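Participant: We have chain A; now place chain B onto it with these hints.
Residues per chain are reported as follows:
There are 2 protein chains.
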Amino acid sequence: MDKKELILDALRELFREGKAGTASVSDIAKKAGIAKGGMYYYFRSKEEVLDALVAREYNDRIKSSAALIEQCGGNALEKLAHLFQSYRSAYVDPSLDEYLHMPQNAAIHQKSLAQIVSSLSQIIADILRQGVGEGIFTCAYPQEYAEMLLSVLTFLLDPVLFPQSSEQYIGKLKALADMLEKGLQSETGSFAFLYGE
Amino acid sequence: MDKKELILDALRELFREGKAGTASVSDIAKKAGIAKGGMYYYFRSKEEVLDALVAREYNDRIKSSAALIEQCGGNALEKLAHLFQSYRSAYVDPSLDEYLHMPQNAAIHQKSLAQIVSSLSQIIADILRQGVGEGIFTCAYPQEYAEMLLSVLTFLLDPVLFPQSSEQYIGKLKALADMLEKGLQSETGSFAFLYGE
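In order, the protein sequence lines correspond to chains A and B.
What the first sequence shows, in my numbering, is residues 1 to 197, in sequence order.
What the second sequence shows, in my numbering, is residues 1 to 197, in sequence order.
Keep in mind the hints are simulated off the structure, nothing from the lab.
You may find that some hints are simply not true.
[Unchecked claim] Below, simulated EDC-like cross-link-like pairs (lysine to aspartate or glutamate); rule was C-alpha separation at most 20 angstroms, straight line: (1) Lys-111/A - Asp-97/B; (2) Lys-182/B - Asp-178/A; (3) Lys-31/A - Glu-17/A; (4) Lys-182/A - Asp-178/B; (5) Lys-182/A - Glu-187/B; (6) Lys-111/B - Asp-97/A; (7) Lys-111/A - Glu-98/B; (8) Lys-4/A - Glu-57/A; (9) Lys-31/B - Glu-70/B; (10) Lys-174/A - Glu-181/B; (11) Lys-30/B - Glu-5/B; (12) Lys-46/B - Asp-97/B.
Quick caveat: nothing in here was measured; it's all calculated off a predicted structure.
Bound conformation, chain A alone (with noise of 0.2 angstroms):
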């Protein structure tokens, strides 16, 4: 395993432990079992080490909400929804995303939800234009509704950006899903998914 998987794997690991916080590069270099200045190699901070957890952690998660669509296939709807409820259901740390939501980090959290709009945009396009092959959807622009989805579920629906009760939570999400069913052009109903079983 090569040098700086293990660094993140260590920061990733204070974090389980509640430690990351307060810890400072000596003591990561310490949990990842290498030298101090090895790590200043790859590494010139603690928000450099912290930078690149948060990227891989959603590269990962991204990476496996692809793998699992292309398992189950079926058709466009069906990926989408399979798609949002393993992105819902992925883990993160708890300690990690309470870590994005200090003011002190703002700037890499605001870098990590438009790294997941980047990604993610993507392989939903694929999906949208899956659908319009299909007949279940008109859209002439797929990417570009993609990056609108993702705005509203990465954005709007962030629960330290917009404080909301479930309530208001919920109702977002039925309006997304009317207008992706208009927009779509698709089934009233189709994209119930979003907001209920």
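Facilitator: Coordinates of chain B only, in the frame set by chain A:
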């Protein structure tokens, strides 16, 4: 004029002079013509002044947009077109905008985006309700539609979060117009003001 406003004006003036980045609390107090001690009565740090200035600038922008559309009158589509034009042309100091996009100010930037969405969405939701009354829109979720529209405009169209060519930018606006026209069951082309004349 109250001292708080004087302090905010001083920081805004420092932005216009290109000196805000390096200005200390003392510099802001001096510019405002008040004692440094007096300043701490209102704000504990430069970050707090910046935070308040951003809130004031965006509130002013939103209030003047709202006043403008009230004056102009017109049907819901005309009001939305006015609001969009006034939002785009509203002057925000470029140096303030640049400052907000620096990584260390990401928290204030995020907060400012969320504030725009929360305040403007109420104005837009009222216009959508008006359009439903006028029979030019169908919409069961006016508040949520307004929030989704604003998420795309503030988050997905942010040029720093999502570096994009002008073709990509226009593509997003065309897709947004398409989704709104279909979602609101409004006439094709009725949201063309988003991307053209």
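Participant: Of the numbered hints stated previously, which ones are contradicted by the structure, given in increasing order?
Facilitator: 9
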